[in-house]
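Student: Sequence:
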Amino acid sequence: MFGRAPKKSSDDTRYYDILGFKELAQAYEVLSDPEKREIYDQYGEDALKEGMGGGAGGHDPFDIFQSFFGGSPFGGSSRGGRRQRRGQDVVHPLKVSLEDLYLGTTKKLSLTRNGICSKCKGLPDTITGDVIFVIQQKEHPKFKRKGDDLFVEHNLSLTEALCGFQFVLTHLDGRQLLIKSNPGELVKPDSFKAINDEGMPMYQRPFMKGKLYIHFTVDFPDSLSPEQVKALEAVLPPKPLSQMSDMELDECEETTLHNVNIEEEMRRKQQAQAEAYDEDEDMHGGAQRVQCAQQ
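Residue 290 in full-length UniProt numbering is what sits at position 290 of the sequence shown, and the numbering runs on without skipping anything.
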């Protein structure tokens, strides 16, 4: 009832005695079937060969390896070496607000999938694919996120920048944060200040947070009256004295300043340069074609 031991060739490549494994499969089938085992115990192997108990010759010898080891004795998967296929993944974009990312949220999603096969009971020779959610953050009207940090822009008047400011900022969770400058502190235009532990919760460390950065811009008045100028000169540091005499200044050429949008100015210049380059290429190309025609 037991097969012959596996042999080894000279190059140490293992192979198996198929006949021996068929006999081993028959023994396994008898031992695993209570009815056939009882017949074997009472009447012996000949009774099984004569047909009692349904016979024992139709069992796949490789099912033993599939049962115990999950594969074929020759390596790879069973049933002719076929590999299990993997089902296709389902990728679903999930748009969430910055508040959802800050506080956490639960979303419900309806997915359509095929019903369970009655033959394989939902266990086909295929590994089920994954459902992958791609988190897409919606644009926020006030806050910007960069990693664990939050950024917000706040505009100050010139008086606030010079004399101090105080304002209330509503955070993503609805808390009211009181933001104020220190006494005597000046705020320069386009400067940043940070508040620790008021940024986004850190990944896998929800009780630790990044920083909240405030970008300050300063509004300057378009003009000042003579009285305002005199009042400012009285409290501000004095202007630096000119290093030139009045006679030397009279010999200088006077200029006039005017307002300009530098981004728009540069864009128009680049466009003009590109058009001039294209025009130059057309002129040189035309002359070359005429010269070739004359040859």
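Possibly wrong hints are sitting among the right ones.
What the hints assert, rightly or not - Computed list of lysine-lysine pairs in DSS-like fashion (alpha-carbon distance at most 30 Å, straight line):
id: 1; residue 1: 180; residue 2: 108
id: 2; residue 1: 36; residue 2: 95
id: 3; residue 1: 142; residue 2: 211
id: 4; residue 1: 180; residue 2: 146
id: 5; residue 1: 144; residue 2: 230
id: 6; residue 1: 193; residue 2: 180
id: 7; residue 1: 138; residue 2: 209
id: 8; residue 1: 239; residue 2: 211
id: 9; residue 1: 211; residue 2: 269
id: 10; residue 1: 95; residue 2: 138
Because the hints were derived from the structure by calculation, they are not lab data.
Student: Now look at each hint and say whether the structure bears it out.
Tutor: Taking the hints in turn, this is what the structure says about them:
{"no.": "1", "hint": "180 to 108", "result": "violated (42 Å)"}
{"no.": "2", "hint": "36 to 95", "result": "violated (62 Å)"}
{"no.": "3", "hint": "142 to 211", "result": "holds (16 Å)"}
{"no.": "4", "hint": "180 to 146", "result": "holds (24 Å)"}
{"no.": "5", "hint": "144 to 230", "result": "violated (42 Å)"}
{"no.": "6", "hint": "193 to 180", "result": "holds (11 Å)"}
{"no.": "7", "hint": "138 to 209", "result": "holds (20 Å)"}
{"no.": "8", "hint": "239 to 211", "result": "violated (39 Å)"}
{"no.": "9", "hint": "211 to 269", "result": "violated (40 Å)"}
{"no.": "10", "hint": "95 to 138", "result": "holds (6 Å)"}
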